[in-house]
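Top to bottom, those sequences are chains V and F.
First residue of the first sequence: 1, per the working numbering; consecutive thereafter.
First residue of the second sequence: 1, per the working numbering; consecutive thereafter.
It is worth saying that the hints were derived from the structure and are not from the lab.
Incorrect hints may have been included.
Derived SDA-like pairs (lysine to any residue); straight-line CA-CA distance at most 25 Å [unchecked claim]:
1. F:Lys228 <-> V:Leu13
2. V:Lys31 <-> V:Arg41
3. V:Lys31 <-> F:Ala26
4. V:Lys40 <-> F:Ala26
5. F:Lys228 <-> V:Val39
6. V:Lys31 <-> F:Leu233
From the structure, some residues in chain V lie toward chain F, with a derived Cβ separation under 8 Å [to be verified]:
7. Phe6
8. Ala9
9. Ala25
We put the beta carbon where it would ideally sit given N, CA and C, even for glycine.
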Amino acid sequence: MNQWTFVTAAYGLAAIATLGLIAWAYLSMRKAEADAEAVKRRP
Amino acid sequence: MHGYANPARFLKLARPATAWLLGIGALLLLAGIYGGLAVTPPDYLQGETVRILYIHVPAAWLGMAGWASIAAASISQLVWRHPLAAVAGRAVAPAGATFAALCLATGSIWGRPTWGTWWEWDGRLTSMLILLFLYLGYIALASAERERGGEGRMAALFGLVGAVNLPIIHYSVLWWRTLHQGQSISITQGSTIAPELLWPLPLTMVGFTAIFAAAVLMLMRADLARTKLEARLRRSVAE
Chain V
1 MNQWTFVTAA YGLAAIATLG LIAWAYLSMR KAEADAEAVK RRP
Chain F
1 MHGYANPARF LKLARPATAW LLGIGALLLL AGIYGGLAVT PPDYLQGETV
51 RILYIHVPAA WLGMAGWASI AAASISQLVW RHPLAAVAGR AVAPAGATFA
101 ALCLATGSIW GRPTWGTWWE WDGRLTSMLI LLFLYLGYIA LASAERERGG
151 EGRMAALFGL VGAVNLPIIH YSVLWWRTLH QGQSISITQG STIAPELLWP
201 LPLTMVGFTA IFAAAVLMLM RADLARTKLE ARLRRSVAE
């Protein structure tokens, strides 16, 4: 197998893991803060 | 540290810090990855696969630094009862587990063309796999304790005991000379890697660390918002 295949696989995996972690953390934060705000505004 | 025990004060700092860390981390990562993929020459022995170094080493560093942070947060929680320590521990664990898994996966991909095998029960590889299992155990324990309304003391004890694995990972290449190469970069002895190959590594190390810190801050903010929400719901039920 071409050496670049291994390099591409490793970098692709790193991109998926890093972007996945950031997206998950961001969405969790946005959802939790929006839920807390909604309950705060509830009469 | 106790100055930031107040969640409101912590959030005031964390909100701008998250954006800055993300921006700086992305810039450094792009520069380091560009340098590592397009500028540095191939290694005389490993050829192009040496480029995996620029993501494998930061992933290993963050896998280990993540657990060291959990251990520090555990001490802070058990000794000084810092109110944000358990929150920090819970936030670091998924990020640390991600990078420990990434270290194992990229190491395996690097090992196939270099060693001729995807996996070997070598001291470094096995102790790193144990670290990943420790992360999964910590995540399960900490979330179970949180759901039961506990303070997270069991998770903190687990975090402290698990830190025993860190020196084992570090010295594994000296204690068991099997497949993984020895230490290439040392604070006291410098580096055995050629400078023309080494320079993108600090960029990706700092870049990944900034991204890791940003993810931890966002997860801490999510945890604090959930705590606030639960407190308000409990209060409204009591009224």
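Taking the hints in turn, this is what the structure says about them:
no.: 1; hint: F:Lys228 <-> V:Leu13; verdict: violated, 36 Å
no.: 2; hint: V:Lys31 <-> V:Arg41; verdict: holds, 15 Å
no.: 3; hint: V:Lys31 <-> F:Ala26; verdict: holds, 24 Å
no.: 4; hint: V:Lys40 <-> F:Ala26; verdict: violated, 34 Å
no.: 5; hint: F:Lys228 <-> V:Val39; verdict: holds, 10 Å
no.: 6; hint: V:Lys31 <-> F:Leu233; verdict: holds, 16 Å
no.: 7; hint: Phe6; verdict: holds, 5 Å
no.: 8; hint: Ala9; verdict: holds, 5 Å
no.: 9; hint: Ala25; verdict: holds, 4 Å
The structure fails to meet hints 1, 4 from the earlier list, while all remaining hints are met.
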